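Residue numbers (the numbering used here): 468 to 664.
By construction, these hints were calculated from the structure, which means they are not laboratory data. No experiment lies behind these values; they were computed from the predicted model shown.
Quick list of the computed label-pair ranges, beta carbon to beta carbon:
no., residue 1, residue 2, range
1, Pro533, Gln625, 40 to 48 Å
2, Ala508, Lys589, 17 to 25 Å
3, Lys596, Ala634, 46 to 54 Å
4, Glu633, Ala523, 46 to 54 Å
5, Cys595, His526, 19 to 27 Å
6, Pro533, Glu635, 41 to 49 Å
7, Glu620, Lys536, 22 to 30 Å
8, Glu512, Glu602, 24 to 32 Å
9, Glu620, Glu527, 34 to 42 Å
10, Ser555, Ile604, 22 to 30 Å
11, Thr519, Glu615, 30 to 38 Å
12, Gln506, Gln627, 42 to 50 Å
13, Glu629, Asp605, 25 to 33 Å
14, Ala634, Asn608, 34 to 42 Å
Yeah, the Cβ is synthetic: ideal placement off N, Cα and C, and Gly gets one too.
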Amino acid sequence: HMSCACVFECCKACIVKWMMTSAKCPLCDRSDIKLLTSQNADICEDELQKATRLMAVWHETSPTDPSFKTILKGASSHYFNAITCDRSNPSGYVGAAYILLLVGNSRGALRYLDYIVNNIDKDHADTCKLIAHIEEIDGPNAREKFAELDRQESEAEQLQQEAALEAEEGVNAMEINPNDEPHQDEVEENIDDVALA
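Construct all of the structure, not just a fragment, from the sequences and the given hints.
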């Protein structure tokens, strides 16, 4: 990955995490993290440029072209690579949100945009434009509507998990029912019975 030898053992997420919280590598105590940060920013910008080029090609591609979805997936991949390299750069999140909007997922897009607002830059221009677009499409209370949907889905998912656990416990209870399984005492009694016969 980067210049620190121990970083070769880490994933990008680990690198980002310790780069943002420490000036030294946690594994070898090297202090050239600023160089690594600079390299990550360069990688991020490279990924964003690749995504932008693919999006330009995608906009010129006919929806009937077999590469239409592949190009969009490629751009999405580059946006997520950019996010992995530099979580403080809002452009990767904006790109991912834009793709979600293109495929009709305003709710997912709003999650990325809210992340930018809450964690990176509350006044980021492109973020504010996309949020305004979502509110224009889905209504001014889109956030509340999506939050309610998230809550309902979370509750439904929790109920499903509880039902699955109850069903599993019922199956397990049937499998390990002490009245159905022979116990050591019963086995010994059966042995005794056989010996008496």
